Amino acid sequence: MKGEKRRMKKVLLMIMVVLLGITVVSCGEDTKVEATEEGKVLNIRVWNTEFKDRFRAYYPGYLETKSNGDDLLDDGTIVKWIEVANDQNGYQNALDVALQNQASAKDDDKVDLFLIEADYAKKYANAQYALDVIEDLKIPEYSLSQQYQYTKDIVTDEDGILRAVSWQATPGLFAYRSDIAEAVLGTSNPDEVQAKLDTWEKFDAVAAQMKAQEYLMLSGFDDAYRTFSNNMSAPWVDANDNVVLDQQILNWIKQTKEYATNGYNHGTKLWDSQWSADQGPTGNVFGFFYSTWGINFTLLGNSLEDADGPKEVGNGLYGKWRVVQGPASYYWGGTWLVGAKGTDNPTLVRDIMLKLTANEKIMKQVTLDVEDYTNNQKAMNALAQDETYGSPFLGGQNHVKLFNQSAGDIDMSNISPYDQGLNEGIQTAFRDYFLGTITFEQAWAAFKESSTTKYPELKFGATPQDPFAA
Amino acid sequence: MNKRKSKINYNKWGYRFIMPFIIIYVLFSIIPLLQTLYYSFFEYYYRFGGAQKVGPNFAFFDNYIKVFTEGKFFKYFYNTMSIWVLGFLPQLIVSLLLALWFTSTRLNIRCQRFFKTVIYMPNLVMASAFSLLFLRLFANNGPVTNMLFDSGLLNETFSFIDKAVPTRLLISFMNFLMWFGNTTILLMAGIMGIDQSIIESAQVDGASASQAFRKIVLPLLKPILLFVMITSLVGGIQLFDIPQIFTSGTGGPEAKAMTVMMYISTLLGPSKQYGLAGAVSTVLFLITAIISITFFYFFNRESFKKGGDVR
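Residue numbers (the numbering used here), protein chains in the order written: chain A, 25 to 494; chain B, 79 to 389.
Please keep in mind that the hints were generated in silico from the structure rather than gathered at the bench. Hints should not be assumed to be uniformly reliable.
Just some of the chain B residues that point at chain A, by a computed CB distance under 10 angstroms [claimed, not checked]:
id: 1; residue: Ala129
id: 2; residue: Thr147
id: 3; residue: Ala217
id: 4; residue: Leu231
id: 5; residue: Asn233
id: 6; residue: Glu234
id: 7; residue: Pro297
id: 8; residue: Leu299
id: 9; residue: Ser326
id: 10; residue: Gln351
Footprint (simulated), chain A over chain B, 3 or more residues, beta carbon under 8 angstroms [unchecked claim]:
id: 11; stretch: 330-336
id: 12; stretch: 341-349
Pairs of lysine to any residue residues, derived as SDA-like cross-links and limited to a Cα-Cα distance of at most 20 angstroms, are as follows [to be verified]:
id: 13; chain 1: B; residue 1: Lys144; chain 2: A; residue 2: Glu481
id: 14; chain 1: A; residue 1: Lys64; chain 2: A; residue 2: Ala151
id: 15; chain 1: A; residue 1: Lys365; chain 2: A; residue 2: Ala81
id: 16; chain 1: A; residue 1: Lys235; chain 2: B; residue 2: Glu234
id: 17; chain 1: B; residue 1: Lys150; chain 2: B; residue 2: Ala242
id: 18; chain 1: A; residue 1: Lys483; chain 2: B; residue 2: Ile143
id: 19; chain 1: A; residue 1: Lys335; chain 2: A; residue 2: Ala81
id: 20; chain 1: A; residue 1: Lys220; chain 2: A; residue 2: Lys344
id: 21; chain 1: B; residue 1: Lys150; chain 2: A; residue 2: Ala118
id: 22; chain 1: A; residue 1: Lys335; chain 2: A; residue 2: Ile462
id: 23; chain 1: B; residue 1: Lys350; chain 2: A; residue 2: Gln126
id: 24; chain 1: B; residue 1: Lys131; chain 2: A; residue 2: Lys344
id: 25; chain 1: A; residue 1: Lys365; chain 2: B; residue 2: Gln316
id: 26; chain 1: B; residue 1: Lys350; chain 2: A; residue 2: Lys335
id: 27; chain 1: B; residue 1: Lys131; chain 2: B; residue 2: Leu346
id: 28; chain 1: A; residue 1: Lys472; chain 2: B; residue 2: Leu175
id: 29; chain 1: A; residue 1: Lys483; chain 2: B; residue 2: Thr366
id: 30; chain 1: B; residue 1: Lys153; chain 2: A; residue 2: Ala469
id: 31; chain 1: B; residue 1: Lys241; chain 2: B; residue 2: Arg214
id: 32; chain 1: A; residue 1: Lys379; chain 2: A; residue 2: Val70
id: 33; chain 1: B; residue 1: Lys350; chain 2: A; residue 2: Lys379
id: 34; chain 1: B; residue 1: Lys153; chain 2: B; residue 2: Asn378
id: 35; chain 1: B; residue 1: Lys150; chain 2: B; residue 2: Ile269
id: 36; chain 1: B; residue 1: Lys131; chain 2: A; residue 2: Gln152
id: 37; chain 1: A; residue 1: Lys365; chain 2: A; residue 2: Gln152
id: 38; chain 1: B; residue 1: Lys194; chain 2: B; residue 2: Lys144
id: 39; chain 1: A; residue 1: Lys483; chain 2: B; residue 2: Phe146
id: 40; chain 1: B; residue 1: Lys300; chain 2: B; residue 2: Leu175
Note that the coordinates shown come from a computational prediction; the quantities given were computed from them, not determined experimentally. We put the beta carbon where it would ideally sit given N, CA and C, even for glycine.
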């Protein structure tokens, strides 16, 4: 009896081992067969959902989204989205780790496509991380001929090689509420409102008018930052690692401090919950500085009263916003697609780049649907001249016509690899100054403290003079 | 010969069972620790926001000198310690009180298990989720701020997150909430380990409740109290999740809630300053060690003086 039991146990064990062995071997065989073709998994690194939504709505090969968030394409490829938020350099840090492991990673884990922002475009658009768009990815130059030149210049490395492509141009604008404009300025017509806002002096005067009628001109301390910082005459850091405080930044500090003291702004931080709420029906803020991507990606969602309801007039402030150039022309950000060096899906990367950044029909459709300003001069010119085109969110205004001119004039030559850290750093450091808890010199010291922690090679000169002194 | 065969040596099995842990511990804890110490003597970072490697160049004690002369480390260490003390002192007092009440035979509190579970629950919540919850609650347009204003208690909206003191207090409070359950249960275990007959004989001799507490319970709780203090100190010095999420990584108003771990994390941010971060970590370790040894000495003063063994 004992012997039989033992034998039974041994037989069962053998059967289990054999079964396991078969499954392991058979799984192994499947992956071996696939390795000779292009990879079956496309890894895309992003920091928010903007490109994800764009891809799902407009890439022709997209089939469906699975329950775990991955996308399925019509040729069977799986698209994995790796999303890491931008704050405190989080996205860059995670990306750096992934790129460092690129050579040793398994094919399915290799980074294939990653997004970069204007603030750190210079860091990644080079031979170390990015594939040559023309030679490696085999995208012909004439396909990219309709893109705005500055979108190509910013991601061209020192040897003149193009390393990334973008689907958008990002001229800056000022979005205002037509109902508040009617109440305070007597008109909501964009041309007339622009005439009242086209210099900083006029802008400040309108701010006082708004305050007199219990409205706020701006929401956050950092709302107008980009309008000043993108008009700097030199980069943040010079060739000898010295930090240069541009007059434009001082102008921003001066204006924001005045607005804070006089109660013209709401003291919010960009992207926080109060700032988002100020764009909706409960807010009483006159306007927001935005770039073209902000209209569809941020303002539209924040303006609705019922977030899940239909996006049409009647739902919150939909249809009540208008846009004008504002007191200064500027740009704000922009996103580029980079083909990662070492990717195992070069053909798919090439196709995505062509379809979403160079295909005129798709890009025109994107603008018609979501009001983004796409990177195709021909399509944008056509829409600019189209009398019948108007954005329903903006109450029928043709914003493409407004920015057609300025999009071609954007100059990104003053960016530096330190932009993200220094821009965030100065906004954080001076927040307490605007709130009135510390002096200008203390705020500058705080900025110096956080910047040298992030970038140890930077050198700071003497403290600049308080703009309100003397 | 026969004797040797029959005496089976089981020692080797002990070593074999420990081997996996030792291997993993050495690979993933000891070696990185030693590497941190090693790189702290080098200049090693990435310039241009992380694009170009500088070093590793041997730099003697340059990093340590920088830590001590730059002044940032001491500012952040002071932040860390004030947040820890603000949270730990109430935690200790409340936990001691609760432990006494729960173990008191006179009070005989009912449903003890329910209370014990409830006070321990905050410890189970992930620190970052807890911190995010508080951030939403106390935000400038959050429910608590609105409630204080709407109820008429305050004349104008009070901003919690824009002021240094409320930010620090809230972080200490979160720490307190998360850990007082743990401390209570530990102290309860300590009190229940005290022989009741000692306390009874003291009461027969006429000792009051507070005298019994001060002269009998507290001294006998010393080992547990020492354990609680040192583990809380180590945890407090390494405070990271809660202030990081609550201040969104900025360190709060005037960087008054920036802890040393947040500083190290930012050092490893875009520029990956392995050298300086290594030096800061080593200095922190040394300070923690010194403070722990000081606690240990103070708690066991009599034993040291007498030369006897430490309880």
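Okay, the hints, checked on the actual structure:
1. Ala129: holds (5 angstroms)
2. Thr147: violated (13 angstroms)
3. Ala217: holds (6 angstroms)
4. Leu231: Violated, about 21 angstroms.
5. Asn233: violated (16 angstroms)
6. Glu234: violated (12 angstroms)
7. Pro297: violated (46 angstroms)
8. Leu299: Hint on B:Leu299: violated, closest Cβ of chain A at ~42 angstroms, above 10 angstroms.
9. Ser326: With Cβ-Cβ at 6 angstroms, under 10 angstroms, it holds.
10. Gln351: holds (6 angstroms)
11. 330-336: holds (count 3)
12. 341-349: holds (count 7)
13. B:Lys144 to A:Glu481: holds (13 angstroms)
14. A:Lys64 to A:Ala151: Distance ~25 angstroms between A:Lys64 and A:Ala151 Cα, so the pair is violated.
15. A:Lys365 to A:Ala81: violated (27 angstroms)
16. A:Lys235 to B:Glu234: holds (18 angstroms)
17. B:Lys150 to B:Ala242: holds (17 angstroms)
18. A:Lys483 to B:Ile143: holds (18 angstroms)
19. A:Lys335 to A:Ala81: Answer holds: A:Lys335 to A:Ala81 is near 17 angstroms, not above 20 angstroms.
20. A:Lys220 to A:Lys344: holds (19 angstroms)
21. B:Lys150 to A:Ala118: Not satisfied, since the Cα-Cα distance of roughly 26 angstroms exceeds 20 angstroms.
22. A:Lys335 to A:Ile462: Roughly 44 angstroms between the alpha carbons, so the hint for A:Lys335 and A:Ile462 is violated.
23. B:Lys350 to A:Gln126: Holds - the C-alpha atoms of A:Gln126 and B:Lys350 are around 18 angstroms apart, at most 20 angstroms.
24. B:Lys131 to A:Lys344: Outside the cut-off at roughly 51 angstroms; violated.
25. A:Lys365 to B:Gln316: violated (38 angstroms)
26. B:Lys350 to A:Lys335: violated (45 angstroms)
27. B:Lys131 to B:Leu346: holds (13 angstroms)
28. A:Lys472 to B:Leu175: Answer violated: A:Lys472 to B:Leu175 is near 46 angstroms, above 20 angstroms.
29. A:Lys483 to B:Thr366: Violated. A:Lys483 to B:Thr366 sits at ~32 angstroms, over the 20 angstroms cutoff.
30. B:Lys153 to A:Ala469: Roughly 13 angstroms between the alpha carbons, so the hint for B:Lys153 and A:Ala469 holds.
31. B:Lys241 to B:Arg214: holds (16 angstroms)
32. A:Lys379 to A:Val70: Roughly 18 angstroms separates the two Cα atoms, so the pair holds.
33. B:Lys350 to A:Lys379: violated (37 angstroms)
34. B:Lys153 to B:Asn378: violated (31 angstroms)
35. B:Lys150 to B:Ile269: Violated - the C-alpha atoms of B:Ile269 and B:Lys150 are around 42 angstroms apart, more than 20 angstroms.
36. B:Lys131 to A:Gln152: holds (13 angstroms)
37. A:Lys365 to A:Gln152: holds (7 angstroms)
38. B:Lys194 to B:Lys144: violated (48 angstroms)
39. A:Lys483 to B:Phe146: holds (19 angstroms)
40. B:Lys300 to B:Leu175: holds (16 angstroms)
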